[in-house]
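Start from the sequences, fold in the hints, and give me the full structure.
Top to bottom, those sequences are chains D and V. My numbering puts the first residue of the first sequence at 1305, with every later residue one more than the last. My numbering puts the first residue of the second sequence at 6, with every later residue one more than the last.
Hints are not guaranteed to be accurate.
[Unchecked claim] Simulated pairs of lysine-lysine, DSS-like, Cα-Cα distance not exceeding 30 angstroms:
(1) LYS1406/D / LYS69/V
(2) LYS16/V / LYS1461/D
(3) LYS69/V / LYS1418/D
(4) LYS1310/D / LYS1320/D
The hints are simulated quantities; they were obtained by calculation from the structure and are not laboratory data.
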Amino acid sequence: MTESQKKILEMLAQNKINIGDAQRLLNAISDEEGGKNNAGHENTGHETGKEWKQSVKTSPKYLRVTVTPGENADDHGDMFRDGKVGRVNVRVPMSLIRAGIKLTALIPPEALDKANSALKEKGINFDVRNIKPEDLEELIQALGDMQIDIEGGHGEKVKVFVE
Amino acid sequence: MNWPPMLMHIKFQNEERDFGLWLPLFLLLPLALVVLIILSPLILVAVIVLWPSGWGMWALKVLKAAFDSFCAIRGLEVDVQDNTKHVYVSVV
Chain D
1305 MTESQKKILE
1315 MLAQNKINIG
1325 DAQRLLNAIS
1335 DEEGGKNNAG
1345 HENTGHETGK
1355 EWKQSVKTSP
1365 KYLRVTVTPG
1375 ENADDHGDMF
1385 RDGKVGRVNV
1395 RVPMSLIRAG
1405 IKLTALIPPE
1415 ALDKANSALK
1425 EKGINFDVRN
1435 IKPEDLEELI
1445 QALGDMQIDI
1455 EGGHGEKVKV
1465 FVE
Chain V
6 MNWPPMLMHI
16 KFQNEERDFG
26 LWLPLFLLLP
36 LALVVLIILS
46 PLILVAVIVL
56 WPSGWGMWAL
66 KVLKAAFDSF
76 CAIRGLEVDV
86 QDNTKHVYVS
96 VV
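See the structure below:
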């Protein structure tokens, strides 16, 4: 157990941070040890819990979706030049997602019922009324840990992440 | 509070034409404000008429949410291209 991990557990024991914070901090440390984080931000074990908490709790600003074509292995061509796969780069501000979720509160209940039944028809058993503005910040914080990487059959790469 | 977007950059490119436009949204905002002031008596009447049914409050909330959403698009960037076409929209 490293010095930083001990410090986090001590802060948890002293009720300075809650279980969720401790988990995030411990995850951040394990990422750091796995060499995933930037070079130059080394875990020296001398940083205070507050500094760690600030670095981890930085709120994500944008949701990014990128699609990049891969090399076509069959004929050594380029998927992009062949016109089979395009390039997509979308950057959505988190403030727009916040505003969108707040807008759902204004949707009439009949429309929400229709949306729910349409989702159910597609096999998605989810009630859109469960998305509440109060849970928004927690949801956005959780998005900070999310990264989706998909590689298609033609080698195209789809990435969804926050920054 | 988020400030409204100031500029919008739209770019469209295909094999035949290349079209780019910088929209000065900051110039459109005073115009929108003037239109809002002119229409405000009508909006007020509509809200008063709709108030008993509950839709008046809803209309006001929708107006606020629409303005908030407009302010929130600042930073939006969409860049889509294939081998012949390119569409780029950026809100600054």
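Hints, verified against the model:
Between LYS1406/D and LYS69/V the CA atoms are separated by roughly 11 angstroms; this keeps the pair inside 30 angstroms, and the hint holds. In summary, the hint linking LYS16/V to LYS1461/D is supported, as the alpha carbons are separated by about 24 angstroms, within the 30 angstroms threshold. The hinted pair formed by LYS69/V and LYS1418/D meets the criterion: a straight-line CA distance of about 25 angstroms does not exceed 30 angstroms. The suggested pairing of LYS1310/D with LYS1320/D holds, with an alpha-carbon distance near 14 angstroms, which does not exceed 30 angstroms.
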